[in-house]
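Colleague: With the hints as your guide, set chain E onto chain V.
Protein chains: 2
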Amino acid sequence: MFDPIEKLKEFVRHPSVSTDPKFAAGMTGAREFVAGLLRSIGFAVEVVPTALHPVILAERGGDPKWPHVIIYGHYDVQPADPLNLWTTPAFAPEIRGRRIYGRGTADNKGPLMTHIAAVGRLLERVPDLPLRITFMIEGEEEMGSPSFPAFLAQQRDRLRKADFVFLSDTGIPREDQIVITCGLRGLVLCDVEVTGAKMDLHSGLHGGVLRNPIQALAELCASLHTPDGRVNVPGFYDDVFEVEPWERAELAKLGQSEEQYREFLGIPAFHATEGFSPFESARFLPTLEFNGIGGGYQGEGTKTVIPSKALVKISCRLVPNQTPAKIRALLYAAIRARMPADVTFRIVDQHEGMPYVVVPPGRPNTPPDQRPVLARAFRAADTAVAEVFGRPPLYLREGGSVPIIADIRRVLGLDSVMLGLFLPEDNLHAPNESFHLGVMAQGMLASEKILEAVARG
Amino acid sequence: MFDPIEKLKEFVRHPSVSTDPKFAAGMTGAREFVAGLLRSIGFAVEVVPTALHPVILAERGGDPKWPHVIIYGHYDVQPADPLNLWTTPAFAPEIRGRRIYGRGTADNKGPLMTHIAAVGRLLERVPDLPLRITFMIEGEEEMGSPSFPAFLAQQRDRLRKADFVFLSDTGIPREDQIVITCGLRGLVLCDVEVTGAKMDLHSGLHGGVLRNPIQALAELCASLHTPDGRVNVPGFYDDVFEVEPWERAELAKLGQSEEQYREFLGIPAFHATEGFSPFESARFLPTLEFNGIGGGYQGEGTKTVIPSKALVKISCRLVPNQTPAKIRALLYAAIRARMPADVTFRIVDQHEGMPYVVVPPGRPNTPPDQRPVLARAFRAADTAVAEVFGRPPLYLREGGSVPIIADIRRVLGLDSVMLGLFLPEDNLHAPNESFHLGVMAQGMLASEKILEAVARG
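Chains V and E are the protein sequences, given in the same order.
Read in my numbering, the first sequence has 336 at position 273, and its numbers run on one by one without any break.
Read in my numbering, the second sequence has 220 at position 157, and its numbers run on one by one without any break.
Incorrect hints may appear among the rest.
What the hints assert, rightly or not - One side only, chain V facing chain E, incomplete, derived with CB under 10 Å:
#1 Met206
#2 Thr258
#3 Leu348
#4 Gly364
Stated by the list, open to error - Computed far set for chain V versus chain E, every beta-carbon distance over 12 Å:
#5 Gly89
#6 Arg123
#7 Trp129
#8 Thr151
#9 Leu186
#10 Val189
#11 Leu194
#12 Val272
#13 Trp309
#14 Val422
#15 Thr429
#16 Arg439
#17 Leu475
#18 Pro487
Note that these hints are calculated values from the structure, not bench results.
Glycine is no exception: its CB is placed at the ideal position from the N, C-alpha and C atoms.
Next up, chain V with everything else stripped away, as it sits in the complex (with noise of 0.2 Å):
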C-alpha cells in the first residue's frame, strides 16, 4: 500500500485550478497522478473526456449481484488568491502540527485521498471483497460542473445499476463529531456589470453630472437584504421547506456554542435571518452574498477617477424546494427593475445546482420505497462513525452545495450518502486551506469499516 500522507502532498503540489485556464497543466498533472495511484491499487482506469474537463472513470468489476458503490470525488481546487495571505505557498504542501496546508488539501484532495486509501487497505486485506465499486472522480466542481450532467447522461447505462454514491465533500464541527450531511444548498451564481460613461473620467471636471456606476451598483446591491437579515428579492422565500422537526432536534445537538462560533469568525456580532440561530440560519435558509466588487482605482494612494465600469458577483444559495431557473427569473427582474436609467448594465450567467435531500432510514419522513442497500450503508456508517470516532455521527442538511450531487439522483436516481470530514477551521476556498491528519486516519478506517460492512450485507 502506498503511503496516504505522501502521495496526498504529490496530489496538492498539482495546481488544478479548474476555473481558470492558465492552470490547464496542473489540471493534466492531477488528473494522471489520480488515474496512476488507482490502476496501483488493481483498478481499470478510463479518463473519460468532457467539453472541458475529463472525467476518471475508474472500476473494479466482479459479481453483478455484488451490491456496488460508486465512490464519487473531485480532482479541482478552488483558486488560491490572495495569494499574500498564505504562510506557505497554496501549492507547497506543508506539515504544520497535526494539518496539512495547500490549496485543495480539504476540498477535496483530502477527503478524496482518504476513501482511495481505505479501498487500497481493505482490497489488500480481502482480495475477494464481495462489492463492485466505481471511482468517478470529476475536475470540474468547483466550477459548478457544466458538463457533468452530459458525462452522466453519457454512462447512464453503465452507472445506473449501482446501489449508492460515497463522498466526502461536506463538514463536520468538532474533530469528534461526524455528520452525515442529509441535504446541500441549491447555487444560482451571475455577475453584473454596471457601465457609466464610455471612458474612466476626471472625478473634478465631471464630477456632479453622472451616476457613478459604482454608486448604482452599491445602491442595487443595498437594494438586496432587508434588515431583518432576508433577501429582498419578491417571491425568494415562496418555495422555501419547511425543516422537519428531527432536523432541527439534531442541529440542536451540534455542541457548538454561539459565542464560540462568533469567536471563531471573528465578527463583532452575528448578522442571522431573523427568527432562526446562525447554525439554522446557515442550513435551512436560502441566502444572497456578494463574493465581489471591483471598479475603478485600488490601488495605493489615490486616483481621482469617475471609473466607466464597475462589477460585483453575486451567489445564492438554494434549499429545498427551490429550483434555479425560478430564483433566476425573480433576482434578474428585481435588478432590472431597480438599475436606474441613466447607466447601462448586464448580468452575466454563471453556474446553477440544484438544492438535495436524502432521508435517513427510520426516520418519520423517509421514503417507504428507499433502496435496501442505501439504507444498509447508511446503517453501517452510523456504526462505523460511533466505532472509530467515539460518537455516533449528525444526520445535518448543510449550506454548501455540491450540485452534482442532485444531478446524479436526477440522472441516475442514486442518492448518497455523505460523510462529512473537514473542519470550519479547515479554510475551505481561503488562504491557508488545511486538513486534520488525524480525521484522515480515523477517515480512512470509518470508509473502510463502511465498505466492508455493505460488501458484507
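Modeller: Leaving out everything else, chain E in the frame of chain V:
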C-alpha cells in the same frame, strides 16, 4: 531654440508617477530633463529637496523693480492603469492626427512645455525683456502636493515679492474657446475599509450568518446620496458659496449643448444635482464620488467566498467656502453613525485641498485692492487670447482641483492667472490621454504675448 514637440516626447517618456514608489526612476528622469531644458534657455536652476519629491525652482533674475511672474507646473503624472485600455503604451508618446498621446501629455507636461517654449522664444527674440521669471515646477501635484505647503513656507521670503502666478493646468471646451479659470474645487479624500470575518469564508458553509463586508460597504455607499443627486451628509452644503450672476452668464456662453456633452460621455442620461444644469453642477456644487471599490473575487468565473474585507476610495470636491477639515469631520461622522455594529471598519485619511476663487478686474465683485500687475496680466491675457485664438476667453470656475493654488495664496499672498489649455477629449487621468498640438502651438504664441505685455506694462 529647441523643438517643443520633440522635447515633449522626451518628457513623456519618463514615467513620473508620483504616487507609486515603483516609479522613482521615472520621477528622477523627468526632473532632470526639465532642469536641463530650463538651463538650456538661460535659467539658473535649483532642485529643492522636500520630504518626498523635489521642486524645481529656476530663475531669470533682473531689476527688482521689474514685474515678476512665477510660472507653475508639475512634472508628475497620474498612474496609467488600466494599461490594457491604451491604444499605444502610456509612456511611449505617439502623434496621431493633430494629437500627441501618452500619460501626462495634457496633465501637465504639454501645457508646461508650452510655457517653457514660449519663454525660450520670447527671451531669444527680446533678450533684455524687463520681466523677472521664476519657474516653480513640483512633483507631487497628482498626489495632492503633500510637501508643497512646507516648500512654500521655506521659500516664502524669496517668492512672496512676485506679482502673480501664471499656469496652465485647467481646461477649455473647444479648440477655439480659451477659458481663464477663476475658481477651482477643493478636495477631501479618504478610504473606508470594512472587515467582516477575520478570514475569507466559504459562502455556502457560512452564508446567512454574518453581514458580508461588501454588503455593509454597499449599504454605506448607497446612503451617501439622495435621489436628487445631492450628497446625503448632514451639514455638507452649509457653507456653499452663492454663484455670482456674471458667472452664470459667462457659463451660458460655453457653446456646448447638453446633448453634445451627453454624447461625449456616452451616458443614457445625466444625473446632475436637481435644479442645476450638468455644466453648473460640475462647477458650482460640491460632490462625493467613489473613485474605486474592491473586495472578494474579481477574476474570471466564480469563487464562492464571503470576503473578509472590502474597500472603497471616496473623494469629495469642495467649493468656496467649504473647508476640508469641516467636510472631513461631517463625512466621517456620517460614516461612523451609519456603519452597523456587526462589522468593523477603519477610515484612512488621504490628501485634501482648499477650494479657490480669483475675480478678474472689472467685475462687480473684484476686490478693490487687487494688485496692478495681476490686473495687467488678466487684461494682457484677454487681448492675447482674442488675437491668437480668434475670440476672447471665458472666465469660469472649474470642477477640477489644483489645491496648491489656494496654498500659494495662503502662504505667499499671490493670485493666479490660469490659462486653460486642455480639451474634454484629452482624457485626463484616463487611458489614451492626449494633448492637441494646435492648441499647444497657439498656446505658445498667447503665452509669449501675455508675458511680453506684462513686461512692457
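Colleague: Each hint: holds or not?
Modeller: Right, here's what the structure says about each hint:
1. Met206: holds (6 Å)
2. Thr258: Hint holds; threonine 258(V) Cβ to chain E Cβ min 9 Å, cut 10 Å.
3. Leu348: Because about 6 Å separates leucine 348(V) from the closest Cβ in chain E, which is inside the 10 Å limit, the hint holds.
4. Gly364: holds (4 Å)
5. Gly89: holds (15 Å)
6. Arg123: holds (32 Å)
7. Trp129: Nearest chain E Cβ is 35 Å from tryptophan 129(V), so the label holds.
8. Thr151: Holds: least Cβ distance 16 Å, greater than 12 Å.
9. Leu186: holds (33 Å)
10. Val189: holds (36 Å)
11. Leu194: Its Cβ never comes within 12 Å of chain E, the nearest being 32 Å, so this holds.
12. Val272: violated (4 Å)
13. Trp309: holds (21 Å)
14. Val422: The claim holds: valine 422(V) sits with its nearest Cβ about 21 Å from chain E, beyond 12 Å.
15. Thr429: Since the minimum Cβ distance to chain E is about 26 Å, threonine 429(V) lies beyond 12 Å and the statement holds.
16. Arg439: holds (29 Å)
17. Leu475: Label holds. Min Cβ-Cβ 23 Å, cutoff 12 Å.
18. Pro487: violated (7 Å)
Violation of the numbered hints given earlier is confined to hints 12, 18; the remaining hints are satisfied by the structure.
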